[in-house]
Amino acid sequence: MTELPILTLVTFSPLIGALLIAFIPRHNVQLVRWAALATALVSFALSLALLPAFDARQAGFQYVEQLDWIPAFGIQYKLGIDGISLVLVVLTTTLSWISILASFGPIKDRVKEFMISFLILEVGMIGVFTALDLFLFYIFFEVVLVPMYLIIGIWGGANRIYATIKFVLYTLAGSLLMLVAILATAFAFQAGHGGDWAGAFDYEQLRQFGFDITLQLFAFGAFFLAFAIKVPMFPFHTWLPDAHVEAPTAGSVILAGVLLKLGGYGFIRFAVGMFPDAAQSYAPWIIGLSLIAIIYGAIVALVQPDMKKLIAYSSVSHMGFVTLGIFIFQQQGMEGAILQMVNHGIITGALFLCVGVLYERTHDRTIAKMGGLAARTPVYAAIFGFFMLASIGLPGLAGFVGEFLVFVGTFAVSPVAAFSATIVMTVGAAYLMWMYQRLIFGEVSDFLKGLGHHLTDMTPTELVTLTPLVALTVIFGLFPGLVLELIHVPVDGILLQFRDATAGVAP
Amino acid sequence: MSAQEWLAIGPLLAVFALAMLAVVLDIARPGRDRLVTGVMVVGLLGAIALTGYTAWYFGGGEVEVFGGAYVRDALTSFLDLLFLSIALLTILFSPDYLHPRRLPMAEYASTLMFAISGAMLLGAARDLLVLFLALELLVLPGYMLAGYAKRDGLSTEGAIKYFLLGSFSSAIFLFGLALVWGFAGSTRIPEVAAVLTSLDGAVSLTPALTMGLALLTAGVAFKIAAVPFHYWTPDAYQGSPTPVTGYLSVGPKVAAFALILRLFVDALAPLKADWVPFIVVLAALTMTLGNLVALTQDNIKRMLAYSSIAHTGYILVGLAAYAAAPPGSDTERAGLEALLFYSAAYSFMNLGAFAVVTALQKRTGVTSQITTFAGLGRRAPLLGALMFLFLLSLTGIPPLAGFWAKAYVIIAAVQVDSPWLIGLAVLTVLNAAAAAFYYLRIAVVMYMGEPSEQTAPVQVGRLVSAGLVLSAVATILIGLVPGPVIAFAQEAARALL
Amino acid sequence: MSQSLDAYLVLASLLFCIGTFGFLARRNAIAMLMSIELMINAVNLVIVAFGAFTPELADRASVIALIVMAVAAAEATVGLAIVIAIYRNRRTPLVDEYHSMRE
Amino acid sequence: MTTDQLLVTLLLALPIGGFALTALVGRRLYQRAWIIAVGAIVATWLIAMYLVYNTLFLNAYGAQGLHFTLYEWIPAGDFRIEANFAVDNLTAALLIVVCTVGMLVHVYSIGYMAHDPGRWRFFAYLNLFMFSMLLLVLADNFLLLFAAWELVGLSSYLLIGFWYGRRSAALAAKKAFLVNRVGDVGFALGIMAIWTTVGTLNFPEVFERIPLLAESGVIQPWQMTGLALLLFLGAVGKSAQFPLHVWLPDAMEGPTPVSALIHAATMVNAGVYMVARANPLFVQSPSAMWLIAGVGIFTAILAASIAFTQRDIKRVLAYSTLSQLGYMFAALGVGAFTAAIFHLMTHGFFKGLLFLGSGSVIHGVHDEQDMNRMGGLWRKMPITHITMLIGAIAIAGIPPLAGFFSKDEILGQAWKNGFVWVWAIGIVVALMTAFYMFRLMGKTFYGPSNVDPAVEPRVHESPRSMTVPLLLLAIPSAVLGVALGFPIGAGLIEQWMEPVFEGANEVLGRGQAEPFQVLGLDGFLAGASVAVAVLGVLAAMRLFGFRVPLLGLQAKPRPAVVERLTDRLRPLYTGSFHKWFFDDLNDLIFVRAGGLVARGLWWFDVHIIDGAVNGVAGLTQRSGRGLRHIQTGRVQNYALGIALSLIVVAVGYFVAGGR
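Protein sequences, first through last, are from chains A, B, C and D. Counting from 1, one number per residue, gives the positions in the first sequence under my numbering. Counting from 1, one number per residue, gives the positions in the second sequence under my numbering. Counting from 1, one number per residue, gives the positions in the third sequence under my numbering. Counting from 1, one number per residue, gives the positions in the fourth sequence under my numbering.
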């Protein structure tokens, strides 16, 4: 290869940083922190460097890098991005540096290990979005688990071990089955090519292959399980509240902001891309589950006493839109789903940052103990309120467009489904406003009074972490085209292929 | 004997020579442990180099020695390299454990070398009698190593259990061997295979042959510690001196798989339709029981013992894939490749894990309870990180060796067009997920538990460090670049078919 | 002397079973060791019987039987050594009292 | 971009810019926090008036009005939504109310909020509201309208909850937003339905295609009705019609200028505006129209009946607003679109005036809102008194003030369009309106003073920044009816709205309005409404007192009579006083039952779903613990196990090997 392997650079730049940090003496905490931030900023810059030369109108993948890795099975080191990957990569790099910056204060113990874990986590996440070889994808998908396991388990709350082990085992159970499915499809490909393994894990070739329906149903089932757990879809969601509650702020931000998107991305790219017929036959069930998730998550969120749990259940609800949008197989729905992923990443990430800000001062997340923050911390109240409104789906802010596109797409396919989904417009507003009212409005609670001068307004660092997210929320709300233009062509491609593939199948 | 033949048995002779040398050194320079260790390490490195040269020299071809009783083919070379690596690592890990406990090194080394030579012979045997002799040469020193800490009640208890049950199973195995021999009329494996092939499934097996198959199945199942023949494993592993446990968990196990390759895959292949159901059932039982019981263990050595039982189950999936595949197909070979690859990957990561336990037990009095690891991530960050690495690999997290091993086994299993094997593959991954729990539990204790009261810094000897680095590098490299190992395993599997 | 190979095989099997029974029934380590010897001898009987009834096996059988005896002897040696070692520790030859490791 | 387009853009940019600036630096401006916001709004008003003049008087943009696109907002495949705006006659009519009342309220607030430490926030929010409201009337497609719809809801939320320290305010804000959201769900679904059936959301195109699609049967009548009702649900929420009316009275927790601007003059009219804007769609479904008329007139009488007994001065006005909005919907439902818009405009002014007046009163008696603790204020607050009296006469429907013309128009149209029952209920409501308004006047200004003696000496007329807007609002309240509505049925308003509702009138089969006949039906109807209004006013005056200083007329209140009447009508009084228990019902259904359901689901989540997950884990652990016991530690047992396993294997071989 003569040109610069920029995707490899983007993907592995955090790893290089992590290795460098490994050589910094552990007592030099400040240096470790700044080095980690610098690393994350470098990969952020590198990911932005992808944008100018990216041609949004070109179908297929760009910046493709391809190397043989394990020729015996045709496994390649193959990276490439289309618009969908691109926006998610940029989302990842953005949230990563913000999370790292947000950890400067809260993480005081074993900073070096934390930063290394976090940067490795970033590698895994970017890798998932850039890998075009199924095996490579799987590896990145799993690699993500380990640092997250440590981040929750070491720097988490009181019940962290239960939460982290639940998280890992749950995710692992799903993803390992996906491994079986990946291998089975690769073998089917190999058998279909006269025993030649070449390309058996290559996404682009597998997509063209056309697996027989039995294999599709099995493989889709396995993929579904892996991604449904990751998203998480009802009824595979119970790891999420635990993980969120126990995770440190940065962990929650990344968990909600990026990790859940691995599932949505996997659905779009792999589950639907490779097994359109099976996707078609499972779609009604998945739509049903999505609707349940949307409403159920919102209703359960109504009665959560813990701020993080509330937002966790709201994530279940919001991610339900993503799966709903994907599986109605309709342009607006799928574009909305992707947009929703980006927006949810930004907004929910920001909400977790907000919770973290409060937790830093109070060491508590019980909604009932708070009250009257508007009087004591007005800037915080304003920013929190801003993201609360964005999460509710206020037009003009990012949350609205994705959600509405999913609604529109759903309505076009099934008005009944749209009717049920829109209920959440009310319930979703209810739980967030309830929390906001309890936290921010009213009289200053005794608990907060007891904190005295420890209850300060936002620090400059915290403002620096949240301001970019405020800006992004406004920008994506007013100009969702920035994202939509990028994902339009790939979504078209997926739907076109889907229609071609399912044209012959009786519904 | 031609020079080629000498070269073919060179590695085996070298290890024999090392065993003798250790005895001689013990007599000539008693108590010079470091000298013995040095000689062994240098000797083993030489033997590895020699094996490498041999493998390169013969390439894909094969040489028969001793009238066909011994064969040097790619499989032999693959196994020899693996056994020699196991020996080298074991030697590296042992002194730090033996020395503080006043256990003599030379005797230990020679016993180990004899056992290794048995394993190597087992991997090269093409004669039923040689197989039996090699097996005994493998296990007898094993019993002695298990009871090497003579004054330690647990060590001797483990040893006697190991010995009694081992001998019992040897007798069972021997009986089966005799029956097959009587039926086939020859001890030469190719001839046995030829006779069995001629049956061609037309006539039913004689009662004697059927009984023989049953006895052999039970015998090897015992040697690889497959459920329900696994009882000796946890007690022997827990009781043995820790470096010995490490060795026992890989050496005899891989050797027993070598025995299976030479006996079942080579000699009894024509009857594979008869024995494959048992392999499938054994595999399923082995991995499931191993993992389930490992979940509840608090002693790290015992936990790893059950974990090694589970890994036996995974390896057996490869064998099952081979056996269930139509003869002569690519799929058949994939099963064997998976078996070999898994054995190699497993050896390094499992030895590595035991090495960490060993390193912690340099100070006498350190138990092998899980609490030993409390706060290790703080007390010895590097050692903790290495342990975490090995655990991740054992769990099967990519891109480490253990991941590829499992992936390979699953590839082989799903290739066979049989619901049983697909089921086995699914069971494998479910088990892998469950296994993650107890591996992660150790990580929890190391990193997430309350800081331990043992604040004494952990000192890791130079040899152990070297061994740990070797294991870790192997675990990572096999993960990142599995290509060469796969290629080697393919060649070895091809030699067998 | 019977002229049927099967008779020898049955006899050998019986011997083997007796040995097995002894191994299962006795608690004394030495007695168990002896039971194993019995089992191995049963195998030797099989080997020799095969040699006697199958011409092409005749020349090998006795050699094999001898080798097996030698191996059995080696095994017994190792076994006794271990038994002595544990007897020193535990002061009892009864194996069912060695159960400090279980579950 | 032409100048006019730029001006329209500025119309939006000024208030949002004012919001941003005030939000960022307002706090540092201390007392002068209003300067940016009020400046922005005055400029906005000037621009708006220029545009209104161009549109209504010069007809500069033609019958279609001025349409232009700022940029493409949502480009998602076929779903391409632009940020496009339009100024036509309907918009212009709304601009008059929104900008004028908006500006006056801004000015009024300078004085009203002068002592509130959060005034910078207040002005920022007000500007945000103005932006949202202007976006609402300027939007040229449904989604943008919806966006504005939600944004006005947000501003309303922020302003109702302005005094966040008060729990009741926070609760009211939340309630307003959530109840509105219920309506918005319908609106959103309606928009989706429009897009799915029509394929675009731009107003001109939708309204062009809808009749064709309905005619050709592409959209079935039931679909059309469904579509109309979904949109109407949005209007019900925003305009606080039954059964989503519960939020508006609570919204009075906000500062009074907010009540005047948002909850009387502008935002609550959004529903009326939307239905009027989408008239080509609504007229396609007679059953939807019928329902709209029904909901409207029912709300009118329901709210009026509650206004009878309320003690809080702002709540009386709030229920009055509900009632008047009901009138407007009744007008829309009977097809009298022009009358609805006319009433919207007049009501905007006189209700704004009444609210600001009540604010002045509250200000004067030091934040007392209970009318039972007022009285006799006419002397101390003359300007407030006079202007409020004008407002009261206007709303009561006594000619020649504004309310008479618009209200009479509605009632007349109802009769003439065949909705006699609407007229009948409407006339009763007119009676009630006149009564409760003069009850309010009497209790506040004329009766004996019940003001807290501690406050009494300090009661004073409000500062000029407050009284000047009152005076300025009193003018349109008095003359707007004559200006726009005279001659009746052929006034300016008819001319202005003609192009907007032309198509709808055609569909409904309405020809050119006939000239007003004093001695015909028109005269009778007008006479009837004047008669009931006078009757109501007189009754109230007699019971609660009045005084006309110039003429020397005065009457004393008769509390004993009121008491006796109340006693006789005790059940009705109780029902009315407790707002017919809607709040309690809502509390029961949504808060208690909903909470129960949510708690139930949470229990299900923790114990059943998560229980299953943990159960699997527990089962695995337990089976592991059980299997441990196989390992007894005794060699004999092991050997036996091996032997038995061997036997099983052997039997297996013999059974399976029988080939």
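Note that these hints are calculated values from the structure, not bench results. Be aware that a few hints might be false.
Unchecked claim - Here are some chain C residues pointing at chain B (derived, C-beta under 10 Å):
hint, residue
1, 18
2, 20
3, 25
4, 36
5, 38
6, 40
7, 47
8, 53
9, 62
10, 75
11, 76
12, 81
13, 82
14, 90
15, 95
16, 101
The beta carbon of each residue, even a glycine, is placed where N, CA and C say it ideally should be.
Outcome of the hint check:
1. 18: Violated, about 12 Å.
2. 20: Holds, because the Cβ-Cβ distance from residue 20 (chain C) to chain B comes to roughly 8 Å (cut-off 10 Å).
3. 25: At about 13 Å, which exceeds the 10 Å cut-off, the nearest Cβ of chain B leaves the hint on residue 25 (chain C) violated.
4. 36: Result: holds, 5 Å to nearest chain B Cβ.
5. 38: Interface hint status for residue 38 (chain C): holds (9 Å vs cutoff 10 Å).
6. 40: holds, 5 Å
7. 47: holds, 5 Å
8. 53: The hint holds - residue 53 (chain C) has a Cβ within 10 Å of chain B, the shortest such distance being about 9 Å.
9. 62: violated, 13 Å
10. 75: holds, 6 Å
11. 76: Residue 76 (chain C) check passes; min Cβ-Cβ to chain B is 9 Å, inside 10 Å.
12. 81: For residue 81 (chain C), the interface hint holds, since the closest Cβ of chain B sits about 7 Å away, which is under 10 Å.
13. 82: Result: holds, 5 Å to nearest chain B Cβ.
14. 90: It holds, given that the least Cβ distance between residue 90 (chain C) and chain B is near 7 Å, below 10 Å.
15. 95: For residue 95 (chain C), the interface hint holds, since the closest Cβ of chain B sits about 7 Å away, which is under 10 Å.
16. 101: Status holds, d = 5 Å.
Hint check: violations occur at hints 1, 3 and 9; the rest are consistent with the structure.
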